[in-house]
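> The lines below spell out each chain.
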Amino acid sequence: MRVVPRHRSQPLGAASSRGAERSGAGAAVAHAPAGFFLNPAAIIVVLLSIFPFVLSLGMTFTNWNLLYPGVAFRGLDNWARLFGDATFQRSVANTVFFTVVATAIEYVIGFALALLVLQIERGQRFFRLIFLIPMMISPAAVGYVVGRMLFSETQGPINDLLYRVGISPVPWTSNPAMAPWTIVIADVWQWTSFMFVLLLAGLQSLPHEPFEAARIDGASGWKLFAQITFPLMVPVSVTAVLIRSLELFKLIDLVRVMTGGGPGTATESVTLYVYDLALNRGDMGYGATVAYALLILVVLYALIYLALTRRAVANAT
Amino acid sequence: MKSPRWRQLAMAAALLGSLIGASGPVALTTAQTPPSAQFPGATVTIAGPAGQVECIKNWTGDWEKRTGATVNINAIPFADIDSKVLAATGTGTFLADIYYIGAQTAGQLMGAGQVLEVPQDVRGGLALDQIPDIYNKYQLSWNGKLYGIPWDGDMLMLNYRSDLLSDPNYQKAFKDQFGYDLAPPQSWKQYADIAQFFTGKDWDNGKPGYGLDELPMRHNHAWNGFFARAAVYAKAPDDPAFFFDPDTMKPRINNPGFVKALEDWKTAMQWGPPDMMSYDWAANAQAFVGGHAALNIQWGDIGPMSLDPNSSVVNGKVGFAMLPGATQFWDAKKGAWETPSEPNRAPFAGFGGWIFVVPKLTQNAAAAFDLASYLGSPEIRAKAMVTPGCGVNPDSLTQLDPKLWVAAGFSQQAAEQYTQAIKDSLTNPNVVFDLRIPGIQDYKDALEIAVTKALTGEATPQQALDEAAQQWDQITDRLGRDQQGKYYRESLGLAS
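If you're matching them up, the sequences are chains S and R in order.
With my numbering, letter number 230 in the first sequence gets 230, and the count goes up by one each step, no holes.
With my numbering, letter number 1 in the second sequence gets 1, and the count goes up by one each step, no holes.
To be clear, the hints were calculated from the coordinates, so they are not data collected in a lab.
Bear in mind that the values here come from a model prediction, so they are computed numbers and not experimental data.
Cβ atoms here follow ideal geometry from the backbone N, Cα and C, with glycine treated the same way.
Among these hints, one or two may not hold up.
As the list claims (entries may be wrong) - Under the rule of at most 27 Å between Cα atoms (straight-line distance), these lysine-lysine pairs were calculated in the DSSO-like manner:
hint	chain 1	residue 1	chain 2	residue 2
1	R	207	R	172
2	R	207	S	250
3	R	317	R	383
4	R	486	R	444
5	R	189	R	334
6	R	444	S	250
Stated by the list, open to error - Residues from chain R that keep clear of chain S, each with C-beta distances beyond 10 Å, as calculated:
hint	residue
7	266
8	398
9	413
10	430
One chain only, chain R, in its complex shape (with noise of 0.2 Å):
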């Protein structure tokens, strides 16, 4: 008798399961796509960084009222955003129709074949002809396709207190010590001559200062505050690979332009805050803002950020610059130093940004891409850039235009310092952008670990760097290796 049960009840799952199927994510395809762009009674849910996404609410009144859909919002609080995305698709588990995400896990997303390729009629309305290089080739897309929709670039920057470095008695006194003019720093060697003559001075508010602040707290940007200086140690103009060999997957991370990076930092952290080992983002920026520090490593935020009267006591002593460069770089190809003409720049586009991708799991893949597509417009995107709260810095050329940042508050210097050091970075030919393949998480802790062990003294750099490697090796073998260096070269933009 049970067996008869048992098949009727397999037979009913099997049924279910085919409905829910055919009901589902499968059945909703761009294909489908409605010609109206009016989706009455429909929801569609977006999912994104809790203290971010919810910034989208200035905007999706409007298109609410005109499509007759409802924008439903699901903040996930920002430490957990990627895991949520990731173990929901690899579940099959409808999160959102949306994802509000980072470029590095949105790539993981491309990678895998898990988001809608952004359908031609909606690309129109992005002005992807504005859009640099950097964000059309590694942000938005994977392997020559277009997944991502517009919203956030994200470069790391310098921000200085220009204040201080045009102050006559500091320019006198650091030129007798150094022999050299104040200036903002060209390269990382006179950016820690600036952070060590500043450090311990008390410039305004009665206490020492630090020449320095930075983001080396693991589990958070360490892994962006390490490459952001490492990226000009090891990063040659005519090779586009960077973290790791693009043939063989071997890891890049303890040659000796990294070790160099690292031990520049280790050095570089006695001229920063005692407790900067545990800054998060919004420590960094604060301490900045704060007016504890002369230097800063940042992404463009802290520029919105300085005119803020109620954190920031430095409106309008600030200036902007792309990051500090070096006289030499390490060729991984030829395993040699080089020492170019010019310092070597390479800008870092640590984390990527945030997009937008419509997820193959939506239930509403026309209206998702619709609003998306809105919200991605460069009107929209321009506003979000100067709205307080929305973390939204410039991603297109249009956007840097420092009119719309003196119109924002800023002064017409820092507006165009402030553009440049951005267009400068964006454009540079050798901009290094973020790794986006899988297993990012795993490289990222591993690297953080070495990193702040290096930092605290518990391993000498090219130990906590060679022990990275080792562990980055174990986990490309785990994942793959083959299949990694596919990822890893269609990342890149390389056949794979």
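Here chain S stands alone, though its shape is the one from the complex (with noise of 0.2 Å):
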């Protein structure tokens, strides 16, 4: 008899039910510790994962409310809605604004802290932890302290010192024109440091040949960063960038607890509106194809971020 190899990565499971079929009892015995294993974490991930998603996607045909008894199937009308509803197209490019213009600041600043931290020899792990700061806190509280205390227009302490300096007071979240770049500055003040962690990471992984041999080359400065380090961190930077925009894309707590989304809709974003929807009117047929519809644009994105970036990645491994 022939005996089959088994592959290193092939499951265990998979591997005792060939040989079952084979040595009859014995391997049956053998076979059921694997499913006692498999089946729950199978069980959890069809509960928690699968079905919700399919459940939800089921929603977006329904007029389903919790707010009122009976469900009835819609067909395609909460899609069509989606088109006429101009709430959802102004979170739509709230949202873009968002996570284009907040992850773009972050990035930059967060490089170049990076690069700052890491010319120093002493302390790195103390602004690593300085700057980490930020991220650990609630970004609930985010929104209370750095976007309503600070910001607050008539008894902040920002608009107070532009008010002794003799500027105007800025209308930081009553203006539709600037709340969304409030939102966007709170945004960065906590975000920053993610950005910062792993570009810095990124940074001291970095091979030091390429550096020399550019140094004897006589490279330096903006030279040496634009040719070398840049092109080598493509794939760090692609990755904190995918990671952090598809997070912007799901911002709501700042929003919430700083504008509430307005003035207006003027920071509304498409998860404040889902949430809005689906928990505040209980709309949770509508509020699933919002949040479908964000799906599918997060998803859009992804890809083509990942088809433009693909030859940089390419290039720079």
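Taking the hints as your guide, dock the two standalone chains into a single complex.
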């Protein structure tokens, strides 16, 4: 009898199952523990991921509202409603703004800080810890302390300082043109450290040889950064920007605490809109539809982003 | 082999379901209220807004001793209370035996038959004859049946700095500028003049003050802030309807009366604090009792809050009045502006007050009604009304005796003004009670988006309200125009 070698990565249960077919009752005993250990995990995945995913997709075709009894199939009504919903469209525009602007600023500042800290021979740990602190604070607390207290237009210290030096108070959250920028400022305050940590780790792991060769060739300063450091950091940068931007697509906490989506809908994010629809108004059907629209948007974004950056990553690696 | 096993499971589930059903809410109705008022070992859960519902602990101890029952308080953040209650009701999930809830949401539950009618045997202790018609008819009842137990009354009113308005120097300067005497405003035009006059003046804290302090924040009280202004321009005294045409459910919110109110408000925003767009209830109150504004639109809470030495710098400096009126109003039935001989007054009972209702899902209806009616007795309500942190405003005529308020710390003059302003509002025949039909959250958000767009210059008042009216039509169609019309007419006490 030929023994079929088991692949190293092949699951234990799969190998035992195949063996059971060949060696009868003895192998059946061996099969039992594998199922015992695998089934709970499989059930958990089905219950917690796949079932809600499928159920919520199904909800998009219904008029299910938690506040009223009865559910009816409504076909594509909810999807059609998206196209005439000005609040949804505004929330998409706001979310894209938050994502693009905040990610870009956080990346630039995070990279600059990482490069600066990399130059320091002593105290790197200290700065790493200091820069990590904002990331450890609850976003709701950041929204309240940074967003509402510091930026309070009549009682906050920032406007008070501006008033004392003769500058007119800034309408941080009451002006529809200014409010999205105030959200970005608070997000940058909190999450630049995320970029900093990832990029610093990336910089520390870069090989020394290309830098030494470039220095021998006379490169320094900006040239060294533009031609060696930055290209080598592309894989880490692509990952950091992707993770951060995916998080920003789901922004809700800062917005809810700082502006509640206002004034008007000037800072309404898609996730805040979903929260409002589903949990405040009980409109689960349409809330699920908006959530799925966001999912489609995020998937499209991720695919395009990865396609655009693939060549740069390949070159760097 | 699979089929019988599934059948067994299905039968077991059905049996379990029927057992749960039999021992659950359906089995407990008011008809089974035990003759004794004692409930040893029972637990009564009351769900209400965090920061307010805890106040009942001041009195539940006595009830627990008397009945042997335990009171469990489920404090829910204010922003989530309506959705939690409605979601629990919609899904048949037990949340509490008593809901401590706003009249708007309570109305939805009453209309949908989700709460129990108040039993006759507990009505006697509520002194309902002392409660004005507006609350008996609109806050506590639906279609003539009593479902709510009184706790709080809510009427938006005008609060003003009496020290500033009575200052001889300001009076002279105001008369020089506007040509008439400085006094509590009788119309929104006068209100605007006074706000303009005081904006930028430094009256006590070394910084320029603001003329007014209102409630324009979306997801908070922009709805109430707007209708407090719009009622006098758009509520005809001989027409019970306000928000919709009760026959067609066509929204009225973009008619010239409402547009005029929004235009006024947009103009007035320049005389308020620059960040007023993000003022929630607390920020509004704090700005006024903190001494930053001359005029304020709020509920009756400002009166007791102005006495608190920890947060108020205006103790003894506040006057109270009914919301201002208007010399003209838009008659929606006639489609024309009307000019009454006296200014039109239409106080707005925004939010409508907190009340107690007992849901059909209660696990102990008798104990729930016993506790709710104990809390809703005139004696406890009178205590709650003057207890800091309770957020309870007067809801009955007996609570509007100035002596009660003098005892709570008001001056005689302030007590008389305060009680008279509320009494005038409550008994005004043209008073507008808040909307309380299904979909209120959707209608509210559509309106608040439109109002805030107009206030921040993103749209003209007419454009914004046209957009909101279109949204309201869509919401009404989605929920069923006929059904919504029935609810609206019932909520007004009209034949459905």
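> Is the straight-line distance between the alpha-carbon of residue 189 of chain R and that of residue 334 of chain R 27 Å or less?
Given pair residue 189 of chain R, residue 334 of chain R holds - Cα atoms ~24 Å apart, limit 27 Å.
> Measuring Cβ to Cβ, find out whether residue 266 of chain R lies farther than 10 Å from everything in chain S.
At roughly 13 Å from the nearest Cβ of chain S, residue 266 of chain R sits farther out than 10 Å, so the non-interface label holds.
> Given the hint that residue 207 of chain R pairs with residue 250 of chain S, test it: the Cα-Cα distance must not exceed 27 Å.
violated, 41 Å
> Does the alpha-carbon distance linking residue 486 of chain R and residue 444 of chain R stay inside the 27 Å limit?
Given that 27 Å is the threshold and the Cα spacing comes to 19 Å, the pair holds.
> Is the nearest Cβ of chain S still more than 10 Å from the Cβ of residue 413 of chain R?
holds, 30 Å
> Is the Cβ of residue 430 of chain R more than 10 Å away from each Cβ in chain S?
Nearest chain S Cβ is 31 Å from residue 430 of chain R, so the label holds.
> If you draw a straight line from the CA of residue 444 of chain R to the CA of residue 250 of chain S, is it 27 Å or shorter?
OK: residue 444 of chain R and residue 250 of chain S at ~25 Å, within 27 Å.
> Is the straight-line distance between the alpha-carbon of residue 317 of chain R and that of residue 383 of chain R 27 Å or less?
Holds: residue 317 of chain R and residue 383 of chain R sit about 24 Å apart, inside 27 Å.
> Is the hinted pair residue 207 of chain R and residue 172 of chain R satisfied, with a Cα-Cα distance of at most 27 Å?
holds, 22 Å
> Verify this label for me: residue 398 of chain R is non-interface relative to chain S, using a Cβ-Cβ cutoff of 10 Å.
Answer for residue 398 of chain R: holds, closest chain S Cβ roughly 36 Å.
In this structure, the one hint that does not hold is number 2.
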